[in-house]
Amino acid sequence: MQSLRGKVAIVGAADTEVGIVPHLSATQLCIDAALRALADAGISKEKVDGLITCNSMAEPMLYHAEAIAEYLQIFPKYCMSVGTGGGTTFSVLHHAASAILTGVCDTVLITMADSLYSGLTKEQAMAAQVSTGHKQFELPYGPTIPAYYALIAKAHMEKYGTTPEQLAAISVAARKHANLHPHAQMRELITVDDVLTSRMIADPLHLLDCSLISDGGSAVILTSAERAVEYPNHPVYLLGVGEGHGHEHISQARSLTTSAAVESGKRAYEMAGIGPDEIDFAQLYDCFTPTVIIELEDLGFCEKGEGGAFVESGAIELRGSLPVNTHGGLLSHCHPGNPGSMFALTETVTQLRHQAGGRQVQTAKVALVHGQGGIMSSHTTLILGREVD
Amino acid sequence: MHESSGKNFPQPTVETARFWEGCLEHKLLIQKCSDCHHCQFYPRLMCTKCSSRKVEWMKASGRGKVMSFTIVHRAISKAYLSDVPYVVAIIELEEGPTMMSNIVQCEPKAVEIGMEVEVVFENWSDTITMPKFSPFYKEK
Ligand SMILES: [Zn+2]
Numbered sequence: 001m002q003s004l005r006g007k008v009a010i011v012g013a014a015d016t017e018v019g020i021v022p023h024l025s026a027t028q029l030c031i032d033a034a035l036r037a038l039a040d041a042g043i044s045k046e047k048v049d050g051l052i053t054c055n056s057m058a059e060p061m062l063y064h065a066e067a068i069a070e071y072l073q074i075f076p077k078y079c080m081s082v083g084t085g086g087g088t089t090f091s092v093l094h095h096a097a098s099a100i101l102t103g104v105c106d107t108v109l110i111t112m113a114d115s116l117y118s119g120l121t122k123e124q125a126m127a128a129q130v131s132t133g134h135k136q137f138e139l140p141y142g143p144t145i146p147a148y149y150a151l152i153a154k155a156h157m158e159k160y161g162t163t164p165e166q167l168a169a170i171s172v173a174a175r176k177h178a179n180l181h182p183h184a185q186m187r188e189l190i191t192v193d194d195v196l197t198s199r200m201i202a203d204p205l206h207l208l209d210c211s212l213i214s215d216g217g218s219a220v221i222l223t224s225a226e227r228a229v230e231y232p233n234h235p236v237y238l239l240g241v242g243e244g245h246g247h248e249h250i251s252q253a254r255s256l257t258t259s260a261a262v263e264s265g266k267r268a269y270e271m272a273g274i275g276p277d278e279i280d281f282a283q284l285y286d287c288f289t290p291t292v293i294i295e296l297e298d299l300g301f302c303e304k305g306e307g308g309a310f311v312e313s314g315a316i317e318l319r320g321s322l323p324v325n326t327h328g329g330l331l332s333h334c335h336p337g338n339p340g341s342m343f344a345l346t347e348t349v350t351q352l353r354h355q356a357g358g359r360q361v362q363t364a365k366v367a368l369v370h371g372q373g374g375i376m377s378s379h380t381t382l383i384l385g386r387e388v389d
Numbered sequence: 001m002h003e004s005s006g007k008n009f010p011q012p013t014v015e016t017a018r019f020w021e022g023c024l025e026h027k028l029l030i031q032k033c034s035d036c037h038h039c040q041f042y043p044r045l046m047c048t049k050c051s052s053r054k055v056e057w058m059k060a061s062g063r064g065k066v067m068s069f070t071i072v073h074r075a076i077s078k079a080y081l082s083d084v085p086y087v088v089a090i091i092e093l094e095e096g097p098t099m100m101s102n103i104v105q106c107e108p109k110a111v112e113i114g115m116e117v118e119v120v121f122e123n124w125s126d127t128i129t130m131p132k133f134s135p136f137y138k139e140k
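Those sequence lines, one after another, are chains A and B.
Note that full-length UniProt numbering numbers the first sequence so that position 164 is 164, with each residue one more than the last.
Note that full-length UniProt numbering numbers the second sequence so that position 74 is 74, with each residue one more than the last.
Simulated from the structure, these hints should not be mistaken for lab results.
Idealized CB from N, CA, C, for every residue including glycine.
Be a bit skeptical, because a hint or two may be false.
[Said to hold, decoys possible] With a Cα cut of at most 30 Å, we get these calculated DSS-like pairs of lysine-lysine:
#1 A/Lys-122 to A/Lys-159
#2 A/Lys-365 to B/Lys-109
#3 A/Lys-135 to B/Lys-109
[Stated by the list, open to error] Far from chain B by the CB rule (all over 12 Å, computed), these chain A residues:
#4 Leu-24
#5 Ala-67
#6 Gly-133
#7 Phe-137
#8 Asp-277
#9 Gly-320
#10 Gly-358
[To be verified] Label pairs and their in silico Cβ distance ranges:
#11 A/Met-80 to B/Gly-114: 28 to 36 Å
#12 A/Thr-197 to B/His-37: 49 to 57 Å
#13 A/Lys-304 to B/Glu-15: 33 to 41 Å
#14 B/Ala-79 to A/Gln-355: 44 to 52 Å
#15 A/Ser-313 to B/Arg-44: 39 to 47 Å
Bound-form chain A, shown alone:
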């Protein structure tokens, strides 16, 4: 099998304005992200011959990618829209890289946006997101999205002694990083006590254990490593990618405390030919604090059950041994639903180009980015590098 290692690079990356953006619709945000990424790559839209988009909850369209191509007036060879969760945001990168390597197309634009804050009422946003639950065997019992993740948190606490303070430390670190990001939605510093005294949403998860509801969009442009060197910015190479898919409904999970991130991580490390010790920083899907603990363990950054102690030690902070979510993550930077993890990707590009300013991870060379979708259901791990050795 041909390996994707080092064959494809990200040559353009950009975010729209994020947070509360009522003056742009979900479609406009998707286009705005695309235009900004094109500008960052220094190319015109005509160069794009592959397009991947993600449908929006606020402005859903049956043929979303075609509608975006029509709006932009481009005519790609490869065009698809994904009804995506956080994990599949990165599995489309897997597809795009494969399409480039096999010659289906040369230059792929991946653009995603939604306006969960301004485009929907709070009730509509909750209803849209919770519809992932099984209609007959889960939804009647009234689970909310935080409740699904609370089931995971509670099981981890029971099995490994993880504490609410340890979960809170993740929110605190995220906010510290967001404080250094000029465009993050929530920038005010918080303490462990602030998290623990915030309103209980689904025991043991407090309001500040939960990610934000936002508007915003993000886009990246991929091309082959050979062509990438002709672009103005330093290319960011795909060194490894792997997926793992466990279940759809949490009531059917093989385990509540170990996820398919074990499999996605193993596959990505194998392709990249490196292990967790060689990762300079990581962006881990943080829709709720417990997911970060489980991902740290399942991706090999600490032993199983040690995730709580690991975050409590300060390891995931900017000056720690493994800075995590350097932009503030879904907890503090923004979370417009499905496109949420794309910001972890654009942040990684910024970091690997050494353009992150006050939140720059010193001498950052290799990063791990992990997306998760559904209820710890689908997992994709990316390993990205500044160089291909």
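Given chain A, work out where chain B with the ligand should sit, using these hints.
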């Protein structure tokens, strides 16, 4: 108005109708494979272990234990407001399969992982009765 009005009512399908009929009769039905004897839930037309299509309905003991749970303080919708705080749990049935349900007839704070529970039935309409769980006291 009935207290379950506006809740997320299950809509039985060809595959699940027998299960919901069972609930009306206060029987918790799961499926058992005639070939490999594997028990499963939710209902499917095949055995998830050996892919045999010879799956039969059987009445479960109705007992199990709490694998995990959460106390929901922020209701999913207005119809669930009067239930807050309510317990959403994952139950491991005695026969092996897992299912989501609510733990009722006890204080939410009294629920623990590993707690033994048994099925109780809550009537929502003429056609839907919901299986829920309450603590199982052996002396009963
Ligand atoms: Zn079987």
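Tested hints:
Proximity of A/Lys-122 to A/Lys-159 is assessed by CA-CA distance (about 34 Å); at most 30 Å being required, the pair is judged violated. A C-alpha spacing of about 48 Å is found between A/Lys-365 and B/Lys-109, which places the hinted pair above 30 Å, so the restraint is violated. A C-alpha spacing of about 27 Å is found between A/Lys-135 and B/Lys-109, which places the hinted pair at or below 30 Å, so the restraint holds. Listed as a non-interface residue, A/Leu-24 keeps its Cβ farther than 12 Å from every Cβ of chain B; the least gap is roughly 29 Å.
At the 12 Å boundary, the C-beta of A/Ala-67 stays outside the reach of chain B, the nearest C-beta of that chain being 31 Å off. Under the 12 Å C-beta cut-off, the non-interface status given to A/Gly-133 relative to chain B is violated; the minimum distance is some 8 Å. The claim that A/Phe-137 is not at the interface with chain B is violated, since a C-beta of that chain comes within 12 Å of its own (minimum 5 Å). The claim that A/Asp-277 is not at the interface with chain B holds, since no C-beta of that chain comes within 12 Å of its own (minimum 32 Å).
The Cβ of A/Gly-320 sits about 30 Å from the closest Cβ of chain B, beyond the 12 Å cut-off, so the non-interface label holds. Against chain B, the non-interface label of A/Gly-358 holds: every CB pair exceeds 12 Å, the least being about 35 Å. The hinted window of 28 to 36 Å between A/Met-80 and B/Gly-114 is violated, with their beta carbons roughly 46 Å apart. A hinted range of 49 to 57 Å holds for the C-beta pair A/Thr-197 and B/His-37, which are about 51 Å apart.
A hinted range of 33 to 41 Å holds for the C-beta pair A/Lys-304 and B/Glu-15, which are about 37 Å apart. For B/Ala-79 and A/Gln-355, the hinted distance range of 44 to 52 Å is satisfied, since their beta carbons lie about 49 Å from each other. A beta carbon spacing of about 45 Å between A/Ser-313 and B/Arg-44 agrees with the range 39 to 47 Å that was offered as a hint.
Checked against the numbered hints above, the structure breaks hints 1, 2, 6, 7 and 11 and satisfies the rest.
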